[in-house]
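Student: Model the full structure from these sequences, guided by the hints.
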Amino acid sequence: MRIELRNITKRFGALVANDAISLTLDSGQIVGVLGENGAGKSTLMKIISGYQPADSGQVWLDGRRAPYTTPHGAIAAGIGMLHQDPLDVAAFTVIEDFVLGFEGALDYSAARAQLDGVCGQPALRCRRTPRSRRSRLRSGSSSKWRVCSRSACAR
1070 MRIELRNITK
1080 RFGALVANDA
1090 ISLTLDSGQI
1100 VGVLGENGAG
1110 KSTLMKIISG
1120 YQPADSGQVW
1130 LDGRRAPYTT
1140 PHGAIAAGIG
1150 MLHQDPLDVA
1160 AFTVIEDFVL
1170 GFEGALDYSA
1180 ARAQLDGVCG
1190 QPALRCRRTP
1200 RSRRSRLRSG
1210 SSSKWRVCSR
1220 SACAR
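All letters in the sequence shown, in the order written, are residues 1070 to 1224 by the numbering used here.
Since the hints were derived computationally from the structure, they do not count as laboratory data. Computed from a predicted structure; not experimentally measured. C-beta atoms are modelled at their ideal positions from N, C-alpha and C, and glycine is treated no differently. A few of these clues could be false.
To be verified - Derived Cβ-Cβ restraints for the label pairs, each shown as a range:
1) Ala1179 with Phe1081: 16 to 26 Å
2) Gly1097 with Arg1075: 16 to 26 Å
3) Leu1103 with Asp1124: 20 to 30 Å
4) Pro1140 with Asp1176: 17 to 27 Å
5) Gly1147 with Arg1075: 11 to 21 Å
Tutor: Set out below in structure tokens:
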């Protein structure tokens, strides 16, 4: 998937958080966004992932204007965001955390199979399973599982 930002601008009153940002991200590309506190990094990520609208400019996916205006729509389009402050429940297993909020609307066995499939990919090198307790995961492993969960959700 190719993500293009075209002249993204976001203001909060007189403060300009993002000023005409244009950027192209190709599938598989890893990019670091650096800056001081308050420089607009999180704001830009929130715009890409549907949490916040840009005041001007556009987000494009694979040569078409992004079809979403909400985080749910972004996830359906294959775009998700891992927040700086995760809301993981340490006592839960990875799969319990994954289905939280979907009780009654999601087949638990199917969700577990889907998460197993995503996390079983060799490139991810997951040493734990979806049945592992969050409290037993290291910080990096917990982030990896959150990425896997988001990816499984998008499917």
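Student: For every hint, state whether the structure bears it out.
Tutor: Here is how each hint holds up against the structure:
1. Ala1179 with Phe1081: 16 to 26 Å: violated (42 Å)
2. Gly1097 with Arg1075: 16 to 26 Å: holds (21 Å)
3. Leu1103 with Asp1124: 20 to 30 Å: holds (23 Å)
4. Pro1140 with Asp1176: 17 to 27 Å: Taking Cβ atoms as reference, proline 1140 and aspartate 1176 lie about 23 Å apart, which means the hint holds.
5. Gly1147 with Arg1075: 11 to 21 Å: holds (19 Å)
When each numbered hint is compared with the structure, a violation occurs for hint 1 only.
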